[in-house]
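Visitor: The primary structure of each chain is shown beneath.
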Amino acid sequence: MTFLGYEPDVESRTAAMLREEYGIFIDGRFVSGSQDRSVTVLEPSTSDPLARVSVASAEDVERAISSADQARRTSWGRLAGKERTKYLLRLSDLLQNRSRELSALQAMESGRPIKMSRGTDLPLAVASLFHHAGWADKLEWAGAGTDPRPVGVVAQFPSHEHPVPSLVRAVAPALAAGNSVVLFPGETVPLSALVFAEICHESGLPPGTVNVLPAPPELATEVAQHPGVDKITFTGDLRRCRMMAESVAGRRAVLDLEVTGGGTAVLFDDAPVDQAIEGIVRGVFLDRGPTTCPLSRLLVQETASRETIERLRERIGRLRIDDPLDMNTDVGPLRTRSLLDKYTELVRSGEAEGAVRWTASGALPGRGYWYSPTLFTEVAPVHRIARQAGSLPILSISTFRTPQEAVDEVNRSSHRGTAVIWTSKGSKALWMSNRIQADTIWVNSTNIIDPAMCPGTSVSTDLDVPASLRSILDYLRETGR
Amino acid sequence: MSGSLPIRRKSSLVGVADPTDHGRERSWCRGYTHVVVATNDLRPADSSTVLERARGLLGSSVFDDSALRRWLRALPSVDEVGADAQARAATALSVRGRSEELALELAISMVDLTTLEGCDTPSAVRSLCAKARFPGHPDDPDSNEVPCPPVAAVCVYHDMVPTAVRALAGSQVKIASVSAAFPSGRAALHVKLADVECAVNAGADEIDMVIDRGALLSGRYAQVFEEILAVRAVCDRGAADGERKGAVHLKVILETGELGSYDDIRRAAWLSMLAGADFVKTSTGKISPAATPSSTLLLCQAVRDWHALTGQVIGVKPAGGIRTAKQAIGYLVLVREILGDAWLTPDRFRFGASGLLDDILLRRKRIGPGPHIPERHVPSTT
Numbered sequence: 001m002t003f004l005g006y007e008p009d010v011e012s013r014t015a016a017m018l019r020e021e022y023g024i025f026i027d028g029r030f031v032s033g034s035q036d037r038s039v040t041v042l043e044p045s046t047s048d049p050l051a052r053v054s055v056a057s058a059e060d061v062e063r064a065i066s067s068a069d070q071a072r073r074t075s076w077g078r079l080a081g082k083e084r085t086k087y088l089l090r091l092s093d094l095l096q097n098r099s100r101e102l103s104a105l106q107a108m109e110s111g112r113p114i115k116m117s118r119g120t121d122l123p124l125a126v127a128s129l130f131h132h133a134g135w136a137d138k139l140e141w142a143g144a145g146t147d148p149r150p151v152g153v154v155a156q157f158p159s160h161e162h163p164v165p166s167l168v169r170a171v172a173p174a175l176a177a178g179n180s181v182v183l184f185p186g187e188t189v190p191l192s193a194l195v196f197a198e199i200c201h202e203s204g205l206p207p208g209t210v211n212v213l214p215a216p217p218e219l220a221t222e223v224a225q226h227p228g229v230d231k232i233t234f235t236g237d238l239r240r241c242r243m244m245a246e247s248v249a250g251r252r253a254v255l256d257l258e259v260t261g262g263g264t265a266v267l268f269d270d271a272p273v274d275q276a277i278e279g280i281v282r283g284v285f286l287d288r289g290p291t292t293c294p295l296s297r298l299l300v301q302e303t304a305s306r307e308t309i310e311r312l313r314e315r316i317g318r319l320r321i322d323d324p325l326d327m328n329t330d331v332g333p334l335r336t337r338s339l340l341d342k343y344t345e346l347v348r349s350g351e352a353e354g355a356v357r358w359t360a361s362g363a364l365p366g367r368g369y370w371y372s373p374t375l376f377t378e379v380a381p382v383h384r385i386a387r388q389a390g391s392l393p394i395l396s397i398s399t400f401r402t403p404q405e406a407v408d409e410v411n412r413s414s415h416r417g418t419a420v421i422w423t424s425k426g427s428k429a430l431w432m433s434n435r436i437q438a439d440t441i442w443v444n445s446t447n448i449i450d451p452a453m454c455p456g457t458s459v460s461t462d463l464d465v466p467a468s469l470r471s472i473l474d475y476l477r478e479t480g481r
Numbered sequence: 001m002s003g004s005l006p007i008r009r010k011s012s013l014v015g016v017a018d019p020t021d022h023g024r025e026r027s028w029c030r031g032y033t034h035v036v037v038a039t040n041d042l043r044p045a046d047s048s049t050v051l052e053r054a055r056g057l058l059g060s061s062v063f064d065d066s067a068l069r070r071w072l073r074a075l076p077s078v079d080e081v082g083a084d085a086q087a088r089a090a091t092a093l094s095v096r097g098r099s100e101e102l103a104l105e106l107a108i109s110m111v112d113l114t115t116l117e118g119c120d121t122p123s124a125v126r127s128l129c130a131k132a133r134f135p136g137h138p139d140d141p142d143s144n145e146v147p148c149p150p151v152a153a154v155c156v157y158h159d160m161v162p163t164a165v166r167a168l169a170g171s172q173v174k175i176a177s178v179s180a181a182f183p184s185g186r187a188a189l190h191v192k193l194a195d196v197e198c199a200v201n202a203g204a205d206e207i208d209m210v211i212d213r214g215a216l217l218s219g220r221y222a223q224v225f226e227e228i229l230a231v232r233a234v235c236d237r238g239a240a241d242g243e244r245k246g247a248v249h250l251k252v253i254l255e256t257g258e259l260g261s262y263d264d265i266r267r268a269a270w271l272s273m274l275a276g277a278d279f280v281k282t283s284t285g286k287i288s289p290a291a292t293p294s295s296t297l298l299l300c301q302a303v304r305d306w307h308a309l310t311g312q313v314i315g316v317k318p319a320g321g322i323r324t325a326k327q328a329i330g331y332l333v334l335v336r337e338i339l340g341d342a343w344l345t346p347d348r349f350r351f352g353a354s355g356l357l358d359d360i361l362l363r364r365k366r367i368g369p370g371p372h373i374p375e376r377h378v379p380s381t382t
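Those protein sequence lines, which keep their order, are chains A and B.
Counting from 1, one number per residue, gives the positions in the first sequence under this note's numbering.
Counting from 1, one number per residue, gives the positions in the second sequence under this note's numbering.
Worth flagging that the hints you see were computed from the coordinates, not collected in a lab.
A portion of the hints provided could be inaccurate.
[Said to hold, decoys possible] Ranges between beta-carbon positions, derived for each pair: (1) A:Gly366 with B:Ser60: 54 to 60 Å; (2) B:Val191 with A:Ser372: 56 to 62 Å; (3) A:Gly366 with B:Asp46: 56 to 62 Å; (4) B:Gly219 with A:Ala452: 39 to 45 Å; (5) B:Glu80 with A:Asp137: 36 to 42 Å; (6) A:Gly366 with B:Asp358: 45 to 51 Å; (7) A:Arg412 with B:Thr324: 49 to 55 Å; (8) A:Val39 with B:Ile367: 32 to 38 Å; (9) A:Leu430 with B:Gly219: 27 to 33 Å.
C-beta atoms are modelled at their ideal positions from N, C-alpha and C, and glycine is treated no differently.
Please put together the full structure from these sequences, using the hints given.
Guide: Given below as structure tokens:
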């Protein structure tokens with residue numbers, strides 16, 4: 001008998017409650033942009049249009065910032081901490097009620113498999129709101145003095161890969177600390193952010209507390225230079241982060257950068273092999289978030305390399321590439337056409353530079369931004385795929401001989417967001433984690449995230465940004481400053 | 001070498017002698033021809049071959065506790081959190097519609113229907129055997145007249161084996177006997193071997209022995225090995241006598257709930273396979289925790305790696321604590337994910353359960369094809 005395959009368990013598209021038009025959310029109301037420009041959001045799995053969204057212009061940004069400032073000075077900023085707690089708890093409740101809708105919507109607009117959306121992203125978002133609701137009335141103990149104040153108006157540019165958890169994990173601490181927020185979701189994935197805006201409206205947040213404006217990338221630098229903005233949190237690749245840092249230089253706004261990139265896994269020969277293979281495949285292909293530095297590189301100890309690579313190929317070959325709305329799907333499409341082009345180009349460059357490519361076999365749907373999982377072996381540190389895979393699901397495998405070599409290799413990469421260590425020897429894990437320079441280090445696990453965990457700004461040698469763990473503390477300032 | 005598959009065909013059962021109610025059984029089992037699996041050529045023929053192979057695999061001239069310990073410690077370790085997550089993920093896959101129908105039929109054909117109570121009587125065992133042969137009774141107005149395969153085996157204490165033999169005469173349902181001082185495993189070796197010999201002589205087709213967990217946990221691996229080997233020798237002797245058609249298969253029960261860690265479960269599984277087991281079984285079902293998806297996952301991984309190493313096919317049997325059809329399907333998905341379709345056959349996977357069968361039949365009725373017969377009895381028109 002065979003099962004004849006697993007029956008598709010497809011979430012109905014109507015669960016997403018998709019509308020044809022979405023406006024932007026300013027000052028507690030949904031409006032269309034002042035220039036009446038709108039952009040079509042495409043669905044990655046088919047490249048068909050999903051909905052039309054108004055795009056914010058500079059005037060809209062101006063209005064949003066002043067409305068946020070108003071809210072901070074008069075309504076939201078006047079509330080006692082325990083009142084803010086109540087709002088945040090209400091937000092988390094409403095988000096939970098609508099989590100099915102939001103997970104379907106996120107799956108449709110970003111291509112992220114609904115298994116991840118429903119299973120990880122939405123629960124994490126709800127838990128973040130719940131956690132930060134607890135901070136709202138305990139700010140004296142956050143570490144910013146006995147009478148901390150909110151920073152003011154915060155402009156936030158969350159990650160585009162996993163819209164919902166990124167935006168919630170950005171908004172929650174900002175609101176808990178008493179700031180007002182102007183949120184700029186990506187133009188390609190604005191829908192879940194706008195539904196979140198509805199939830200904010202439903203929860204009775206004072207108008208202007210949260211504003212949501214899908215904006216083109218050019219607007220980011222203008223926002224950075226706006227005098228009304230007190231703090232900017234920005235997630236993006238190195239080039240954009242550098243542009244933001246340059247725009248903000250000399251201004252009064254505080255900048256928090258999160259550089260997206262690729263994480264590195266280090267696999268020793270005494271690792272729990274079965275779980276390590278699962279964890280690595282999960283980290284690279286299945287569950288690329290909500291960390292901004294999903295795994296893309298594997299350093300495997302040379303004695304174990306042959307067996308590990310064989311097992312990785314076998315496991316990757318069994319991944320199910322299908323409709324992101326199907327609960328059985330492991331791997332969905334890439335988010336945009338440009339990402340797919342970048343992916344194709346990077347794979348080609350990998351082969352051209354001399355690494356050995358292996359791609360999972362199997363036909364892909366014709367339309368949409370689909371890709372076949374690929375891994376590269378015999379990757380040297382100088383190869384582009386080792387350094388630039390970043391947010392793309394390409395696994396590049398290099399070997400090492402001694403733990404010190406592995407540490408040096410991880411630290412040598414210019415981007416050191418996350419690292420994962422696979423070993424069953426506790427002393428080795430501790431030794432490695434003391435020496436590896438990375439924001440987040442997981443041992444024998446991948447992407448286990450607790451809402452109390454602070455997403456780190458990634459340490460990068462190319463960009464002089466002070467590393468800080470973004471937490472409630474970042475959204476507060478001590479009185480007297 | 002294809003596995004044994006229930007396939008819908010017109011022909012009736014093949015090669016079975018014709019007792020009194022075989023005609024009836026035939027009408028219910030019509031359409032199910034169990035394709036006989038080709039003999040597993042890589043199964044060691046007898047216990048001396050097992051020992052020789054074990055020495056070869058260990059590669060040391062001395063075969064003692066230290067040597068076994070070194071060999072077992074060289075196995076890769078298991079991360080508990082990761083293993084639990086992997087087992088959970090496998091059981092979350094969706095099996096619906098036609099796939100669910102096929103999966104439920106397959107699950108029924110893999111059940112080892114079990115009764116291991118102190119108060120078992122011959123008539124209780126006879127009822128069990130009747131149910132084993134005809135899980136969905138033809139005269140049952142609720143059964144939807146959907147043909148139902150018989151279960152794989154019944155599992156009883158060894159003194160009930162003669163009763164089972166009589167009750168199952170002419171049926172293809174096997175008889176498994178728990179042995180070797182089941183469930184505790186605490187008895188002198190000669191007592192355990194006498195236990196097994198009784199069962200084999202009475203006509204058991206399969207022996208489910210428990211390992212000595214005390215010996216395992218105190219590092220006396222050679223003793224555990226020798227006991228399994230000795231039981232295997234008794235099984236082989238019994239198979240050679242009389243008119244038995246096939247080998248007496250040995251299932252080794254690890255009692256995973258007592259072993260303490262996932263690493264030890266893996267080591268126990270490998271030790272049992274080294275010593276000549278045909279099946280590795282998770283639990284006696286007498287203590288909690290019994291079978292869990294994680295422990296079954298570990299056994300499946302051990303069996304997969306053993307097959308890669310030696311080419312021998314070994315079966316997996318989770319027992320105890322599997323009560324619902326949904327759980328059973330989850331286990332089948334787990335097996336499929338780790339071992340592939342080849343292991344989805346009663347010759348390589350069994351469920352040790354009692355109440356599970358009823359839940360599967362209930363579920364089958366709910367989703368099954370064919371007309372749904374209403375609750376009141378409708379007389380048959382044929």
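Visitor: Confirm or reject each hint.
Guide: Hints, one by one, checked against the model:
no. : hint                               : verdict
1   : A:Gly366 with B:Ser60: 54 to 60 Å  : holds, 58 Å
2   : B:Val191 with A:Ser372: 56 to 62 Å : holds, 60 Å
3   : A:Gly366 with B:Asp46: 56 to 62 Å  : holds, 58 Å
4   : B:Gly219 with A:Ala452: 39 to 45 Å : holds, 42 Å
5   : B:Glu80 with A:Asp137: 36 to 42 Å  : holds, 38 Å
6   : A:Gly366 with B:Asp358: 45 to 51 Å : holds, 48 Å
7   : A:Arg412 with B:Thr324: 49 to 55 Å : holds, 53 Å
8   : A:Val39 with B:Ile367: 32 to 38 Å  : violated, 46 Å
9   : A:Leu430 with B:Gly219: 27 to 33 Å : holds, 28 Å
Against the hints set out earlier in the document, a violation occurs for number 8 only.
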